[in-house]
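The residues making up each chain are set out below.
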Amino acid sequence: MNPLLFWFFACLMLGFGVAVVANRNPVASALCLVVCFLGLAALFIGLDAYFIGVIQILVYAGAVMVLFLFIIMLLDLKAEERRKINAVALLGGGVVSVAFMFQIAAVLRNFPEGRKPFPELNLESLPGHRLDDLRQVGETLFAIHNLPFQVVGVLILVATIGVVILSRRELK
Amino acid sequence: MTLTLNDYLLVSGLLFAIGFAGVILRRNIIIIFMCLELMLNAANLSLVAFSRFHVGANGLPNYNAQVLVFFIITVAAAEVAVGLAIIVALYRARQTTHVEDINSLKF
Chain A
0 MNPLLFWFFA CLMLGFGVAV VANRNPVASA LCLVVCFLGL AALFIGLDAY FIGVIQILVY
60 AGAVMVLFLF IIMLLDLKAE ERRKINAVAL LGGGVVSVAF MFQIAAVLRN FPEGRKPFPE
120 LNLESLPGHR LDDLRQVGET LFAIHNLPFQ VVGVLILVAT IGVVILSRRE LK
Chain B
0 MTLTLNDYLL VSGLLFAIGF AGVILRRNII IIFMCLELML NAANLSLVAF SRFHVGANGL
60 PNYNAQVLVF FIITVAAAEV AVGLAIIVAL YRARQTTHVE DINSLKF
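From first to last, the protein sequence lines are chains A and B. If you're matching positions, the first sequence starts at 0 in numbering that gives the first Met the number 0 and goes up one per residue. If you're matching positions, the second sequence starts at 0 in numbering that gives the first Met the number 0 and goes up one per residue.
Bear in mind the hints are in silico, worked out from the structure with no lab data behind them. For glycine and all other residues, C-beta sits at the position ideal for the given N, C-alpha and C. Accuracy of the hints is not assured; some may be wrong.
Covered stretches of chain B (chain A as the covering partner; in silico rule of three or more C-beta atoms under 8 Å from a C-beta of chain A) [to be verified]:
no.	segment
1	0-7
2	23-33
3	37-45
4	61-74
5	80-91
6	100-106
Some but not every residue of chain A turned toward chain B, in silico, with C-beta under 7 Å [as the list claims (entries may be wrong)]:
no.	residue
7	Gly38
8	Gly113
9	Val153
10	Ile155
11	Gly161
With the hints as extra help, turn the sequences into a complete structure.
Okay, here's the thing in structure tokens:
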């Protein structure tokens, strides 16, 4: 991936990520999160993970964010009125985040592997010499990780039933 | 100037820190939920970067990491559905989404 494109999409993603936290209006936060996810999908596609990039857009920027917006509008949330800012929470959040960044920087400084450029892909063995990453993901998913895949199916069934029961008018 | 793995890990760490700060600072439960999604996506970004970095003997990225990302996205979608259903039920009972107004479990 072109480094300029990478930094453009990374800054877009981080900038709108900050906007998600900083906005007082929940609808504006949700829309900023959509742009943030689109930037992230662009980074995935730049890493040759086309399938992950596409489901990032379809599932996250599409389905999940529509659900968020739907609930925000359903509950008719107004922009938060300014409450007294909790100084302990502000200080704690800031300190923990900055400490986390220092931790990441210290780990990355002592990680010489990470300073190598990304290795080139060898596409000679593939039909048409093009990266068919959807087929590769599918083969890995169904051949090696078949059991977890079926367990995830059960998980989604349980989540569906759970949501139906939770949203009944009378919770018993 | 070429891109290295550290660039991706740094961006992923920054995204995680933003999400984490949001979870601690914000008081609206829906915004907190969105910030949790940001943190999950930061993990996804580093997994995909590791997948592309670890090119195997066949000259292709390591697809185990991308399958893990696929599972994370699936579980996150299910989690969002259940979480928002809980928030709607909570709003029906208390008419608020502000975490400081919901303290009946607080010691």
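Here's how the hints hold up against the structure:
Three residues within the 8 Å Cβ limit are the bar, and the segment 0-7 of chain B against chain A gives 8, so the coverage statement holds. Counting residues of the segment 23-33 of chain B whose C-beta lies closer than 8 Å to any C-beta of chain A gives 9; at least three are required, and the coverage claim holds. Counting residues of the segment 37-45 of chain B whose C-beta lies closer than 8 Å to any C-beta of chain A gives 4; at least three are required, and the coverage claim holds. Counting residues of the segment 61-74 of chain B whose beta carbon lies closer than 8 Å to any beta carbon of chain A gives 10, which meets the minimum of three for the stated coverage.
A count of 9 residues in the segment 80-91 of chain B with a Cβ less than 8 Å from any Cβ of chain A is obtained; the coverage claim is therefore met, three being the minimum. Only residues whose C-beta sits within less than 8 Å of a C-beta in chain A count toward coverage, and the segment 100-106 of chain B has 0 of them, not enough to reach three; the restraint is violated. The closest approach between the C-beta of A:Gly38 and any C-beta of chain B is roughly 10 Å, which is over the 7 Å cut-off, so the hint fails. The interface hint given for A:Gly113 holds, since its Cβ lies 4 Å from the closest Cβ of chain B, which is under the 7 Å cut-off.
About 11 Å separates the beta-carbon of A:Val153 from the nearest beta-carbon of chain B, more than 7 Å, and the hint is not met. Among the interface hints, the one on A:Ile155 holds; its C-beta lies about 5 Å from the nearest C-beta in chain B, closer than the 7 Å criterion. For A:Gly161, the suggested interface contact is upheld, since its CB lies about 5 Å from the closest CB of chain B, less than 7 Å.
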